[in-house]
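Taken in order, these protein sequences are the chains called A and B.
Count along the first sequence from 1, then add 211; that gives the number in my numbering.
Count along the second sequence from 1, then add 1; that gives the number in my numbering.
It is possible that part of the hints are untrue.
As the list claims (entries may be wrong) - Coverage of chain A stretches by chain B, computed from C-beta distances (three or more under 8 Å per stretch; other residues unrestricted):
1. 239 to 252
2. 297 to 306
3. 323 to 332
4. 356 to 367
As the list claims (entries may be wrong) - Straight-line alpha carbon distances no greater than 25 Å define the calculated DMTMM-like cross-link-like pairs of lysine to aspartate or glutamate that follow:
5. B/450 with A/343
6. B/450 with A/304
7. B/450 with A/363
8. B/450 with A/352
For the record, the hints were derived by calculation from the structure and aren't laboratory data.
For glycine and all other residues, C-beta sits at the position ideal for the given N, C-alpha and C.
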Amino acid sequence: MIVPGGFSRRGVLVKLGILFNAAVGTILAVPIVRYILSPVIRERKPGYKSWLSLGLLGQFPEGQTRLATYRSPTANPSDGETANIPCWVRRVDGEKFQVFAINCAHLGCPVRWFPQSGLFMCPCHGGAYYSDGSRASGPPERGLFEYRYKVEQGSLLIQPGEMPTPGVPTARLINISTGRPPCG
Amino acid sequence: MRLIKELGAWFEARVQLATPIRQTMQHQVPRQAASWAYVFGSAALIVFMLQLVTGILLALLYVPSAGEAWNSLQILNHQVALGWFIRALHGWGSNFMVAIVLIHMVQVFLFGAYKFPRELTWVVGILLLLLTLGMAFTGQVLRFDQDAYWGLGIGASISSRIPVLGSRLVNLLLGGPIIGGATLSRFFALHVFVIPGSLIAFVGLHLLLVLKLGINEWPMPGRVVRRATYLKEYHELTRKDGVPFVPGAIAKDMFFSGFILLVLAACAFHFGPFGPSGQPDPTIIQTAPRPDYFFLWLYAVLSLLPPSMETPVLLIGPVIMLGLLLALPFISGEGEKSWRRRPIAVLTILLVAVSLGTFTHLAGNAPWSPVMDAGSAEPIPETYLKSRSALERQGALVFQAKQCHNCHALGGAGGERGPELDRVAVQLTQDQLIRQVIQGGGNMPAYGKNLSPAETTALVAFLETLRPSGLEPARDASRASEAGALR
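The shape of chain A in the complex, shown without the other chains (with noise of 0.2 Å):
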């Protein structure tokens, strides 16, 4: 039947219809994306804020720089090894620390320390920073990412929030409560 207008009945119906399944992926979207975007928002995430102990003062003779594992506060199970997170700790004198990721401030490689040297070398495309953490040559365009420390009971306490990588101006590991820049 031909509505004057050159509507058809059966064509509004097939347009509704389109427009009801339009309507139900549009509802069905959100929740779809929300859940693949769960990483991003990570309100469900606990332990993004936590402190972390890296051991007891005593393991961080005066002057030198060592090597510290912990295991990360947000890991699963099923993270395995990889939740196993090393970092630099130079302990400057006393209770002043400096505490280096890992990764190189390049593209993320692991930095080795060279006591003798006094340097952070990285393996893949040749970063090298100071003792202090400061870059001394090669590519990355600026130095070691700090984590922010705390001395609480004779223990050194880090927070390591999420693995830092260069780009972002608040890529120095990211305060996610206040976005102050760490503490070192």
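Knowing the structure of chain A, use the given hints to seat chain B on it.
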């Protein structure tokens, strides 16, 4: 025999595919297109099928869990009968596929096959190239060894440089705040569901387009493509000088595909599977991660770019490259197809090939990376120590102990990050040597804080002995003239 015939007729009465299949097989192709130059597309398809089969076979035993993946590959390599061979086939298949796809692309480019009316075929082909590279990268991640772990870190670091969205993209890429179980699971989903699914769909579309539009005719200098007349000319050509695809052209495809599979299997058998290298344990930092063969050029580019150029090149470069590739058939959709009349096309291919080849070659020995153990593993050549003073030998010790050798080669051994020092005494005066050691500069760290005055004196004394016999050491000309004036 009659039973088979009847069964066939029974199915045909229902699916009704015999006619379209016959038409597809017997469609006319230009006689000259039945050539050895036109076999790479079908070879890529065959290798892709091999990848599907070997991929499914590996999935029977592979465990996509960060804690288990590496062990399951060890089991495949060492405990399952011929597990190593299936892994080797899949790994070599990946290399072959990237290589053949690239050769296919070069051939299509040089033969002008992307021109009207085959623009969409080219665009889909570019998509297929990206998907193939995506398979190569995600496959490298599934190997989940040290290289995969740190390769993910590099991928995350590159993504993080994208303005505004960077840090969020990193989280999305890794599936969380760190590289871990969620990362491997999502790369598994990409590698076995998302990308192969898209590949199958787009390969289908690519083939459909080839059938609908016909295979590109052999380009003749002077035979110019015009939108108005091309279709008519092409049909004329296939009608006058065409052969049915089966059996006219398919024999060469079949022989080449079979040959490629044979060579692939021989490589897999002879060289074995790739890795896995060390366990994906980030606390094992005694590692020098390297990407797989097809990303070595990128590794070189990332090492050689000046720091300030890196982020722009990384972020804008791919966009420009991709834009150019996609725009190509629309910019030059008409005109000459023959490479003999397209010198810029030939030069472009040569330039790209030489650049990629050079970068890949450089990445083979990575001169920009310090040799992390040269200070302890590479001795100073004996001749540099013979009949030297105690101070100079002390300097040689400093040279080793302070890891100078990690970046500077002596007698051809050691790092290549800095210049080799076999003739440094000819190039730099004593004052210049002291300045360079203490203040650094020109990509060398300053060692002022880490060398005592005594160590610096000894080191420079040693460096001053490094010159070929017969060559005078560098002299400070201003001092010499001063001395002359005083005299």
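A quick look at each hint next to the structure:
Remark: the region 239 to 252 of chain A is confirmed as covered by chain B, as 4 of its residues place a Cβ nearer than 8 Å to a Cβ of that chain, reaching the required three. With 1 residues having a beta carbon nearer than 8 Å to a beta carbon of chain B, the region 297 to 306 of chain A misses the requirement of three or more and the stated coverage is violated. Requiring three or more residues with a Cβ within less than 8 Å of a Cβ of chain B, the coverage given for the region 323 to 332 of chain A holds, as 7 such residues are present. Coverage of a stretch by a chain is defined here by at least three residues with a beta carbon nearer than 8 Å to that chain's beta carbons; for the region 356 to 367 of chain A and chain B the count is 0, and the condition is violated.
For the proposed pair residue 450 of chain B and residue 343 of chain A, the alpha carbon gap of about 12 Å is at most 25 Å, so the pair holds. Using a Cα cut-off of 25 Å, the hinted pair residue 450 of chain B and residue 304 of chain A holds, with the two alpha carbons roughly 17 Å apart. For the suggested pair residue 450 of chain B and residue 363 of chain A, the alpha carbons sit about 32 Å apart, so the restraint of at most 25 Å is broken. Among the hinted pairs, residue 450 of chain B with residue 352 of chain A is consistent with the structure: their alpha-carbon atoms are about 22 Å apart, no more than 25 Å.
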